[in-house]
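Chemist: These are the residues of each chain, in order.
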Amino acid sequence: MSKVMKETGLPYTASKKTLGRRLKNNYIGWLFILIAAAGISLFYFYPMLRALLLSFQSGMGANLEYVGLDNYVRLFSDPTFIAALTNTFIYLLIQVPVMIVLALFFSVLLNDATLKFKGFFRTAIFLPCVTSLVAYAVIFKYLFGVDGLINKFLMNLSLISEPLDWLSDPLLAKFTIIAAITWRWTGYNMIFYLSALQNVDRSMYEAAKIDGASSLQQFFYITVPMLKPIILFTSIISTIGTLQLFDEVMNITNGGPGNATLSISMYIYNLSFEYSPDFGYAATVSYVIVILVVLLSLLQFKVAGDDK
Amino acid sequence: MRKIKRIATYTFLSVASIVSIFPFLWMLVSMTNKSVDVTQGRLLPGTYLLENLQALFDTVDMGTALLNSTIIAVITTFLTLLIGSLAGYGFEIYRTPGKDRIFNLLLLSMMIPFAAIMIPLYRLFGGLPFFGIDTLAAAILPTIITAFFIFFFRQNTKMFAKELVEAGRIDGLSELGIFFRIYLPTMKTSYAAAAIIAFMNSWNNYLWPLVILQSPEKQTIPLLISNLGAGYSPDYGLIMSAIVIATLPTAIVFFVMQKHFVAGMMGSVKG
Chain A
7 MSKVMKETGL PYTASKKTLG RRLKNNYIGW LFILIAAAGI SLFYFYPMLR
57 ALLLSFQSGM GANLEYVGLD NYVRLFSDPT FIAALTNTFI YLLIQVPVMI
107 VLALFFSVLL NDATLKFKGF FRTAIFLPCV TSLVAYAVIF KYLFGVDGLI
157 NKFLMNLSLI SEPLDWLSDP LLAKFTIIAA ITWRWTGYNM IFYLSALQNV
207 DRSMYEAAKI DGASSLQQFF YITVPMLKPI ILFTSIISTI GTLQLFDEVM
257 NITNGGPGNA TLSISMYIYN LSFEYSPDFG YAATVSYVIV ILVVLLSLLQ
307 FKVAGDDK
Chain B
85 MRKIKRIATY TFLSVASIVS IFPFLWMLVS MTNKSVDVTQ GRLLPGTYLL
135 ENLQALFDTV DMGTALLNST IIAVITTFLT LLIGSLAGYG FEIYRTPGKD
185 RIFNLLLLSM MIPFAAIMIP LYRLFGGLPF FGIDTLAAAI LPTIITAFFI
235 FFFRQNTKMF AKELVEAGRI DGLSELGIFF RIYLPTMKTS YAAAAIIAFM
285 NSWNNYLWPL VILQSPEKQT IPLLISNLGA GYSPDYGLIM SAIVIATLPT
335 AIVFFVMQKH FVAGMMGSVK G
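Chains as they are written, first to last, in this note's numbering: chain A, 7 to 314; chain B, 85 to 355.
No lab work stands behind these hints, which were simulated from the structure alone.
Among the hints, a few may not be true.
As the list claims (entries may be wrong) - Below, computed lysine to aspartate or glutamate pairings styled on DMTMM-like, alpha-carbon distance capped at 25 Å:
| # | chain 1 | residue 1 | chain 2 | residue 2 |
| --- | --- | --- | --- | --- |
| 1 | A | K122 | A | E212 |
| 2 | B | K302 | A | E280 |
| 3 | B | K89 | A | D217 |
Stated by the list, open to error - A few chain A residues that don't get close to chain B, going by computed Cβ distances all over 10 Å:
| # | residue |
| --- | --- |
| 4 | Y72 |
| 5 | T92 |
| 6 | S167 |
| 7 | S174 |
| 8 | V206 |
| 9 | M210 |
| 10 | D217 |
What the hints assert, rightly or not - Just the calculated beta-carbon pair ranges, DEER-fashion:
| # | chain 1 | residue 1 | chain 2 | residue 2 | range |
| --- | --- | --- | --- | --- | --- |
| 11 | A | L81 | B | R86 | 51 to 59 Å |
| 12 | A | L37 | B | A314 | 42 to 50 Å |
| 13 | B | D255 | A | K215 | 54 to 62 Å |
| 14 | B | T93 | A | P176 | 31 to 39 Å |
| 15 | B | D145 | A | L81 | 37 to 45 Å |
| 16 | A | P176 | B | P300 | 29 to 37 Å |
| 17 | B | E301 | A | I96 | 38 to 46 Å |
Note that the coordinates shown come from a computational prediction; the quantities given were computed from them, not determined experimentally.
Glycine is no exception: its CB is placed at the ideal position from the N, C-alpha and C atoms.
Chain B on its own, in the form it takes in the complex:
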């Protein structure tokens, strides 16, 4: 009985693992094969990798999409962390009157479904001069301030030794100086976890860029993949190469910093 249970457990977990991993193997293998071979169900690595990559960068503008996605994700990550940590620190360190009421109010924004604010946001940016529709700035701006990161940094600041703030004051540092010179360096791990979530969210964001970015030169990687996928006669080798490139940054972060990654994911929210 025990043995049967053991075998069942291993079988079940193995099947689940295969199902989970298979799409990854398939995209890696298909990236090296001709489109025809992919259609015929070839599951062995081929020799067509360079041709697929060549086609990806020549026939569709993968270079531009990569550049746009990188610019958006890097700026978004930087600003998200800066604004979120300033606020989280501010909420935890200072005894601002009424701060908890404001904090709870801000947290409420996490319940707001994006679809509900998408149209007013689109109309808001439609009237702006430099951050208007079809600019990378418009793609970045509404995504950099989220209650989640304020919450995240406030929680993490609870572990920060508050005596250091006093020590900084005695040393004559300004309040901002304390934040940048003392808080920031001691909280590196929190920043790392936050950076992973912020970067991933931005790198994979689809709906808002789809709404706000319209011209092909502004396309991000998810938009490019979505367009390729919607085509009637898809070039599977090429599309799989694009998907692998899109997945690569998050996969690398996952394997290199698994602990931070999982911690970060547990802090972020599905959707």
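Just chain A, with the same shape it has in the complex:
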């Protein structure tokens, strides 16, 4: 009888008393969830809906009127939006893969049982994660300044003859943003891979070695397939993070030079709070991020999940 109870979740003979108790517990269960559910509805779902409505409106400040799909049409002929979208994709296509490969590489090196100073290396590479985004962004801005340490260092090594203007050159400025994000997040991704690697059976590597597989082959035929779920997970969160990139761009280059480093999030901020406010169009741009988050997550699932 108790087995039946466990499996169905229902008492074998529901007396009035237990039924009452069950209803009471259901009701209390709701109370526990209530604040959270109400809060998420109010601060996430309701604004999402409002943003959707806003995206069909236009006008300055509070004087909004419905304009149908005008805002969405405007996207295609808005050079600033296209610049922000392009930049965001450049960050995505270069920064995320570079970071993930680096993080994988570090974790494989650190997973070696015979390696000395493992704790030190791991802590050091993880350390950038303790900084606030604004704080490290400002530091990178100074390091990459014309009279910053990066230039001094490169000149001392005679790699460059005169200081590079990292933050005022469109290409170098993008590089600086990518370098900064990579510095901040590689260690973060690394710890995911390190903990996943601990679950990989070492005997697989032993067997591979006996079969004469090189380290590179072991990496591609054992490590990568074994870590596939976690690589998928980290690439999705990195993609979502990059699509929302704001703090670094705002504080390192302020979107410049021109709009060479502008991100979509920063463009939304500018549309709402820097230029004469156009909340409607800003909401339209923000829905582009929503759509991209959904599409890219689905795409990554599809690419990674083809054999499952």
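Since the structure of chain A is already known, use the hints to place chain B on it.
Modeler: Relative to the frame of chain A, chain B by itself:
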């Protein structure tokens, strides 16, 4: 061949470690130097630490920013943990009908980019009387309820012995009493990990405070640092002191509770 590989590994990891640590060393050293010396690339500790700190608290209002950030982060952490753990516990312990559907719906909110809800939130708070724009309450309120912590506590509650709930009922405790007297004390470790993430997120939060807090008296530390960094003739010594102070709480937590910290970070999400 093996030896070359060894050397390459150590070289590579050492370079990576130096690159990772260098900005920290630089900010610590620069905090003790005059602005001119920092510009000239001085990498040795100086004697200008007290002057820099003095200037930080006198010329810019670091004291107020510290106070605001602390108030916001402490209240946020407390409420986030309370609401998140109540919900996580509720989802796991009670057999509320339809709860899994609601749970999945709530989780969906983790996919919502903040930039997409920032404007409606700003307009929402614009119409409120006591929690309106430029109040610390407005800076706190939308950040305390996140699906992530509900998920976190539900996962952690799976390890909680459910017999304790029955035992509590037999002892005549109310359902809330069971939560506060039995669940909360036994789940200290989960709360510690959650507190670290919640505090860090709040302490470092930038975009929402930037949008909602406008007057200088309401400034938080990230806003202050951002303003200092945007200046045309930056006082490097002063700014580095501010950055070190901003980094200190999270760095201390990291070194004191490394395990919790890493566990917490792995649970939190980039962005």
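Chemist: Can you let me know if the beta-carbon spacing of B/D255 and A/K215 is within 54 to 62 Å?
Modeler: holds, 59 Å
Chemist: Falls inside 31 to 39 Å, the C-beta gap from B/T93 to A/P176?
Modeler: holds, 37 Å
Chemist: Taking the minimum C-beta separation from A/D217 to chain B, is that value above 10 Å?
Modeler: holds, 18 Å
Chemist: Against chain B, does A/M210 hold up as non-interface, every C-beta pair farther apart than 10 Å?
Modeler: holds, 20 Å
Chemist: Holds or violated: the 42 to 50 Å window for the beta-carbon distance between A/L37 and B/A314?
Modeler: holds, 47 Å
Chemist: I want to verify a distance hint. Is the separation of the beta carbons of B/E301 and A/I96 within 38 to 46 Å?
Modeler: For B/E301 and A/I96 the Cβ distance comes to about 40 Å; the hint holds.
Chemist: Kindly confirm whether 51 to 59 Å is satisfied by the beta carbon distance between A/L81 and B/R86.
Modeler: holds, 57 Å
Chemist: Just to be careful, I want the Cα atoms of B/K302 and A/E280 compared with a cutoff of 25 Å; is the pair within it?
Modeler: Since the Cα atoms of B/K302 and A/E280 sit roughly 20 Å apart, the hinted pair holds (cutoff 25 Å).
Chemist: Run the C-beta distances from A/T92 to all of chain B and say if the shortest one exceeds 10 Å.
Modeler: holds, 17 Å
Chemist: Would you say A/S174 is clear of chain B, with no C-beta pair closer than or equal to 10 Å?
Modeler: holds, 14 Å
Chemist: Non-interface claim for A/Y72: all C-beta distances to chain B beyond 10 Å?
Modeler: holds, 16 Å
Chemist: Would you say the C-beta atoms of A/P176 and B/P300 sit inside 29 to 37 Å of each other?
Modeler: Holds, since A/P176 and B/P300 (Cβ atoms, about 34 Å apart) stay within the stated range.
The structure agrees with every numbered hint stated previously.
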